[in-house]
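Construct the entire structure; sequences and hints are all you get.
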Amino acid sequence: MALLDDVKSELATIDSELPAAQKAQATAMIRFGGGLRLVQRQIIVQAQFDSLDAAKWLQTSIKTLYGHDATLTQVARQTPTGMVQRYLVHVERGGAALALQTGLLDRRKMLVKGLPSEIINGNIAQVKAACRGAFLAHGSLSDPGKASYLEIVCPCNEAALALVCMARRLGVTAKHRQVRSSERITLKDPDAIERMLLIIGATRTAHEWTGKRSDGEARGKANRLANFDDANMRRSAKAAAEAGDKVRKAFEILGDDIPENLRAAGQLRLDHADASLEELGRLADPPITKDAIAGRIRRLLQLADKTVKARGQQA
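Converting from the sequence shown to the numbering used here requires adding 430 to each position, the first position being numbered 1.
Mixed in with the good hints, there may be bad ones.
Computed list of lysine-lysine pairs in DSS-like fashion (alpha-carbon distance at most 25 Å, straight line) [what the hints assert, rightly or not]:
(1) 493 to 539
(2) 642 to 618
(3) 543 to 642
(4) 739 to 676
(5) 605 to 576
(6) 618 to 605
(7) 676 to 720
Derived Cβ-Cβ restraints for the label pairs, each shown as a range [unchecked claim]:
(8) 543 to 672: 54 to 60 Å
(9) 449 to 719: 54 to 60 Å
(10) 439 to 722: 43 to 49 Å
(11) 543 to 576: 54 to 60 Å
(12) 735 to 642: 52 to 58 Å
FYI, nobody ran anything at the bench for these hints, they're computed from the structure.
For each residue, glycine too, the CB sits at the ideal point set by N, CA and C.
Pasting the structure below:
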């Protein structure tokens with residue numbers, strides 16, 4: 431349990447995320463930590479955690495992100511192995527408003543059983559944050575030296591499927607299985623576990639977990655994979671930032687004189703700065719291939735260049 435406490439404490443200290451990512455994490459923590467209850471025709475939001483740091487993060491975020499007061503109480507729970515402490519975050523006044531703000535209630539005020547599609551299909555930062563929130567709420571990690579696993583208990587089948595989909599977007603294959611009456615997402619491959627820990631921000635714990643594994647060859651391979659991923663992420667982030675700057679400049683040059691399909695493609699690039707071309711294609715309405723989205727952005731930039739040259743000749 432000490433390692434699990436460490437990883438959750440580490441994840442709860444991450445505060446450099448954009449508001450959209452913070453909201454995705456808070457929503458996942460509420461969904462995987464408990465969710466919504468109807469008491470005397472009023473919606474109450476509550477979530478229970480085994481980590482005090484995780485509970486404090488959610489309590490603070492509910493106030494700063496959504497403007498609602500949440501209470502934090504410590505509760506004792508009897509288990510087959512003895513008494514354990516749990517931490518309950520509870521929002522009673524404004525629970526319905528918070529549920530709507532987080533997307534756990536849709537516009538028709540119907541319960542969203544899994545996670546909102548805006549998160550599942552959101553940008554990569556939102557997906558990472560949602561996976562982090564699910565792990566903070568109901569995740570577990572094996573101790574080094576034992577059979578490797580990373581597992582998240584899910585409140586329902588829809589939530590499990592959402593988590594599988596988001597893990598796939600992050601390049602991690604997660605197995606969905608049912609154990610007795612609970613739905614679970616499980617990783618057993620050590621490289622996949624380390625990759626997931628790194629992705630959700632548990633860098634220190636990932637290195638500690640890997641470093642304690644007895645197989646030195648596997649440890650070296652995992653470290654090389656982490657370095658390779660970090661380099662790719664830096665290159666991808668730099669390329670996406672440069673593309674965003676070019677699109678922004680093209681919008682300034684062309685003004686309103688832009689074909690709608692090119693404008694839509696450029697706006698997707700600006701709205702999802704860290705998404706890949708394949709992800710941008712999926713976010714398009716209707717969805718298109720990555721080659722198509724790349725072609726539209728390229729034509730937008732070419733149109734801006736032609737416009738600049740034409741204005742220069744006229745001058």
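Hint-by-hint comparison with the structure:
1. Note on residue 493 and residue 539: the hinted pairing holds, with a Cα-Cα distance of about 22 Å set against a maximum of 25 Å.
2. Simply put, residue 642 and residue 618 have alpha-carbon atoms about 16 Å apart, close enough for the 25 Å limit, and the pair holds.
3. Annotation: proposed proximity of residue 543 to residue 642 is violated, straight-line Cα distance about 38 Å (limit 25 Å).
4. Under the criterion of a C-alpha separation no larger than 25 Å, the hint pairing residue 739 with residue 676 is consistent with the structure, at around 16 Å.
5. Proposed proximity of residue 605 and residue 576 is supported: the alpha carbons are some 19 Å apart, at most 25 Å.
6. Note on residue 618 and residue 605: the hinted pairing holds, with a Cα-Cα distance of about 9 Å set against a maximum of 25 Å.
7. Restraint check: the Cα-Cα separation between residue 676 and residue 720 comes to about 18 Å, which is no more than 25 Å; the hinted pair holds.
8. The hint said 54 to 60 Å for the Cβ distance between residue 543 and residue 672, and at roughly 40 Å that hint is violated.
9. Taking 54 to 60 Å as the suggested C-beta distance range, the pair residue 449 and residue 719 does not conform, at roughly 31 Å.
10. A hinted range of 43 to 49 Å holds for the C-beta pair residue 439 and residue 722, which are about 44 Å apart.
11. Between residue 543 and residue 576 the Cβ separation comes to about 33 Å, which falls outside the hinted range of 54 to 60 Å.
12. For residue 735 and residue 642, the Cβ-Cβ distance of about 55 Å falls inside the hinted range of 52 to 58 Å, so the restraint holds.
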